[in-house]
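Just add 22 to the spot in the sequence shown (first one is 1) and you have our numbering.
Everything labelled a hint here was simulated from the structure, so no lab data went into it.
Only a predicted model underlies this, so the values are computations on that prediction, with no experimental measurement involved.
Errors might be hidden in some of the hints.
Said to hold, decoys possible - With beta-carbon atoms standing in for the labels, derived distance ranges: (1) R131 x W189: 17 to 25 Å; (2) Q194 x E157: 34 to 42 Å; (3) R67 x A89: 31 to 39 Å.
Every residue, glycine too, gets a C-beta built ideally from N, C-alpha and C.
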Amino acid sequence: MGGLSPDLPTLHTDRLTLVPVADEHLAFLVALNADPEVMAFIRGRAATPEETLVEWDQRRGPQSDVARGLGYWVGFTGDGSAGEFVGWWSASSFAADPSVAGLGYRLRRAAWGRGLATEGARATVDQAFGVPGVERVLASTMAVNTASRAVLARVGLRHTDSWVQEWEEPVQGWEQGEVLYEISRAEWAAAQT
Numbered sequence: 023m024g025g026l027s028p029d030l031p032t033l034h035t036d037r038l039t040l041v042p043v044a045d046e047h048l049a050f051l052v053a054l055n056a057d058p059e060v061m062a063f064i065r066g067r068a069a070t071p072e073e074t075l076v077e078w079d080q081r082r083g084p085q086s087d088v089a090r091g092l093g094y095w096v097g098f099t100g101d102g103s104a105g106e107f108v109g110w111w112s113a114s115s116f117a118a119d120p121s122v123a124g125l126g127y128r129l130r131r132a133a134w135g136r137g138l139a140t141e142g143a144r145a146t147v148d149q150a151f152g153v154p155g156v157e158r159v160l161a162s163t164m165a166v167n168t169a170s171r172a173v174l175a176r177v178g179l180r181h182t183d184s185w186v187q188e189w190e191e192p193v194q195g196w197e198q199g200e201v202l203y204e205i206s207r208a209e210w211a212a213a214q215t
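Produce the entire structure from the sequences given, and follow the hints as far as they go.
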């Protein structure tokens, strides 16, 4: 996997420490993707270790993203890797447009329903808007993924688009489509006061 995001800052929330993804986190990511419920709206099934390796290999963005402060973090409760592994979050390049960052996250089932997805997402949105030139943060999810949609709304993103796409391996609810959420720098700044 290599050093995926080693030059990124560590992010802190009230209950989480988000550290840049590195080689030592690969076992956590493989275990996360091996849970079929976690992957229900992503693959419709658990991912194999090999599929997880490919996924994270593909997540390696241009080094300029890391240099700008955009990338991937793994979250632990408390003060870091001594705490409970929760999942991962991202504020990454989106659609080859340097003014846009993409928000993403994936959490262990044991972390669901505890407000941790929102807490980590808020920290990564804040990180994205701390990057000069980032004017919008976007996120997409399946329309039927109501839990993820609720997280996006709590972080301040608003639903702006919907579409239906064909899936190579259709997952339950694919026919209801995908949804796009976004927040502008001005909207984010207004919510900070």
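Between the beta carbons of R131 and W189, is the distance compatible with 17 to 25 Å?
Roughly 23 Å apart at Cβ, these two residues keep to the hinted range, so it holds.
Is 34 to 42 Å right for how far apart the beta carbons of Q194 and E157 are?
Once the Cβ atoms are compared, 35 Å apart, the range 34 to 42 Å for E157 and Q194 holds.
Taking the beta carbons of R67 and A89, is their distance inside 31 to 39 Å?
Given a distance of about 36 Å, which is inside 31 to 39 Å, the answer is holds.
Of the numbered hints stated above, none is contradicted by the structure.
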